[in-house]
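Chains as they are written, first to last, in numbering that gives the first Met the number 0: chain A, 0 to 334; chain W, 0 to 334.
To be clear, the hints were calculated from the coordinates, so they are not data collected in a lab. Keep in mind that the hints are not guaranteed to be accurate.
As the list claims (entries may be wrong) - Now the in silico label distances, taken between C-beta atoms and shown as ranges: (1) W:Arg147 to A:Arg87: 54 to 62 Å; (2) A:Gly111 to W:Pro157: 18 to 26 Å; (3) A:Arg323 to W:Asp114: 24 to 32 Å; (4) A:Gln300 to W:Pro3: 40 to 48 Å.
To be verified - To give an idea of the interface, some chain A residues facing chain W are shown, with a C-beta separation under 8 Å as derived from the structure: (5) Leu13; (6) Pro41; (7) Asp278.
Glycine residues also receive a C-beta, built at the ideal position from the N, C-alpha and C atoms.
Protein chains: 2
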Amino acid sequence: MENPVLVEVTRGQLVESSHRGAFALIDGDGKTIASAGDVDRPVFPRSAVKLLQAIPLIETGAAARFGLDDKDLSLACASHSGEPEHVRRAAAMLAKAGLDMEALECGAHWPGEADVSRDMARRGETPCQLHNNCSGKHAGFLLTAAHRGEEAAGYSGPNHPVQVRAKAVIEDLIGRSLNVDVCGTDGCSIPTYAAPLRDFALAFARLASGRGVEPQRAEAGQALMRACMAEPFEMSGTGRACLKLMQAAPGKIFAKTGAEGVFCGALPDLGLGFALKIDDGATRASEALAAAVIAAALKKQDASLAETFAAMARKDLRNWRGTRTGEIRVTLPKD
Amino acid sequence: MENPVLVEVTRGQLVESSHRGAFALIDGDGKTIASAGDVDRPVFPRSAVKLLQAIPLIETGAAARFGLDDKDLSLACASHSGEPEHVRRAAAMLAKAGLDMEALECGAHWPGEADVSRDMARRGETPCQLHNNCSGKHAGFLLTAAHRGEEAAGYSGPNHPVQVRAKAVIEDLIGRSLNVDVCGTDGCSIPTYAAPLRDFALAFARLASGRGVEPQRAEAGQALMRACMAEPFEMSGTGRACLKLMQAAPGKIFAKTGAEGVFCGALPDLGLGFALKIDDGATRASEALAAAVIAAALKKQDASLAETFAAMARKDLRNWRGTRTGEIRVTLPKD
């Protein structure tokens with residue numbers, strides 16, 4: 000049974016390409032508000048669950064110990080663009096525990112945004128591990144290990160207390176064990192565990208609503224969401240989809256992208272969580288769908304704001320001379 | 000009825016993402032040698048039919064008039080990477096008719112390959128229309144117009160003789176009229192017409208085999224294929240998939256990528272043509288599938304060479320530290 004087409008790309012009068020996928024919009028009691036496709040098939044959430052992996056940073060007391068502010072917490076949940084401010088802040092976070100980039104185990108890569116990458120080239124720079132989009136998350140991991148007196152080396156491995164804590168948080172929030180058969184290695188070398196979209200949506204709904212979760216864990220999750228919503232640039236970067244989504248309704252939307260066409264997020268005021276996956280992994284489709292799912296979540300309570308996000312789910316496509324050639328649009332199945 | 004999954008991307012033991020699509024492998028009489036999915040649905044071929052659009056460059060006598068060599072002809076069929084040699088040659092081709100880049104109507108864009116783009120940034124350069132991946136094709140269009148005494152301005156428009164000739168060649172080779180309802184505007188501003196994959200495969204099979212096509216047209220198509228196979232760098236660029244596919248069996252494989260997950264090609268010795276489309280437009284999938292389709296075409300005649308291409312249809316995927324995280328692989332439906 001295949002997932003429905005959720006995003007179409009047109010040229011002229013025809014659909015040129017299409018993207019299938021699934022999404023779940025869940026409340027804190029686990030009730031499905033809206034969904035499409037197979038939300039029970041295991042999906043690697045990738046970076047979309049960085050906030051969940053950062054909860055130990057708060058719960059262990061490391062964030063307070065090292066005086067992390069909202070921008071630091073946002074970076075700890077980030078897939079940042081490797082712009083100078085991201086790099087500076089990641090280095091500064093490591094320095095709070097007397098560490099430098101040598102401690103990182105995420106690997107180095109050129110910034111994914113072409114203009115950021117060209118700017119670095121113009122300045123004669125080459126990327127180091129601080130430019131890795133996950134460097135803030137890894138800085139958070141290292142600060143937690145330092146606070147707990149744990150050895151820094153090997154913090155990215157599945158058996159290190161840092162990763163064991165992150166995995167335990169996710170298992171608690173989804174109410175399911177994550178076994179080795181659903182374990183993969185992420186781009187930044189930490190373990191990543193596949194689980195149903197329904198589960199990830201529930202995890203974020205529980206944090207947002209405070210239902211089905213220990214109060215101190217809900218507070219930690221909400222503190223991280225507030226930090227990301229207050230400082231979305233640190234979590235993403237110039238022109239990024241997460242930035243645009245969160246800036247469209249400041250303080251109301253938490254939305255985080257993950258590689259291979261994933262998004263997770265929450266509407267804290269409404270106590271709702273969502274998770275989505277584009278089957279083929281396309282970011283252009285996951286970004287459009289995220290806007291549409293947020294619009295669906297807002298429809299009853301705030302029709303005007305819902306319209307703002309519905310408009311972000313459709314975009315004109317233009318060629319190299321600026322001529323409109325078609326559009327990308329979300330096509331949700333009729334209820 | 001949905002297209003089958005033809006390409007899978009794995010992480011750990013799971014399939015993380017998957018790509019659906021279709022392909023047709025056809026002989027010069029129109030007989031299907033192999034296929035999968037819906038090969039009758041209209042598909043925009045995009046750059047995959049540049050060779051067909053370049054046939055008038057030969058047939059009108061323009062190529063001979065301006066003394067175009069194989070590298071020039073290859074560039075006239077190219078989606079090149081905008082490397083210095085591509086840019087230099089496109090300018091040189093225009094100069095043969097006393098034209099410069101001001102005559103181009105393709106628009107300018109940064110090179111799509113990140114390292115080529117960074118190299119330009121390091122040199123303090125910004126792209127002009129010569130860097131546009133289609134500039135060689137457009138140079139060919141302008142040379143044809145110049146040879147025919149046609150006005151250069153507006154050569155990219157659907158009613159200009161240049162585009163009318165290109166459309167007529169495609170209609171002749173697929174045996175079907177291309178109407179305005181299947182017309183879109185391409186990235187480089189020329190018209191692009193959607194037709195079934197089966198038709199595009201047949202077009203290339205006819206050129207390769209000489210069957211069902213006027214001899215002088217077959218010769219023109221074969222001359223262009225020989226030029227591209229002899230000089231694949233001009234048609235593509237450093238590290239590009241088309242380069243690798245054609246260098247794996249010099250003179251035996253013509254393969255051309257098109258935007259939104261398309262490939263067209265031919266095996267001239269075997270008189271076969273192929274066309275494929277990945278539903279979601281992903282290039283990582285179209286490149287893997289192209290290798291698999293070529294392997295399928297070679298299986299009977301040359302098992303060893305077929306194995307070379309089958310190996311190119313699978314690739315280990317590694318993370319930022321070089322750790323293998325999974326693979327991308329083609330999964331053709333069982334016959």
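Checked hints:
Between arginine 147 of chain W and arginine 87 of chain A the Cβ separation comes to about 59 Å, which falls inside the hinted range of 54 to 62 Å. The hinted range of 18 to 26 Å is not satisfied by glycine 111 of chain A and proline 157 of chain W, whose Cβ atoms lie roughly 37 Å apart. Arginine 323 of chain A and aspartate 114 of chain W have their C-beta atoms about 31 Å apart, which keeps the hinted 24 to 32 Å range intact. With their beta carbons about 42 Å apart, glutamine 300 of chain A and proline 3 of chain W fall inside the hinted range of 40 to 48 Å.
Residue-level restraint check for leucine 13 of chain A holds (minimum Cβ-Cβ distance to chain W is 6 Å; threshold 8 Å). Taken as an interface hint, proline 41 of chain A checks out: its beta carbon lies about 6 Å from the nearest beta carbon of chain W, inside 8 Å. Against a cut-off of 8 Å between C-beta atoms, the interface hint on aspartate 278 of chain A holds, since the closest Cβ of chain W lies about 6 Å away.
Comparing the model with each numbered hint stated earlier shows that hint 2 is the single one that does not hold.
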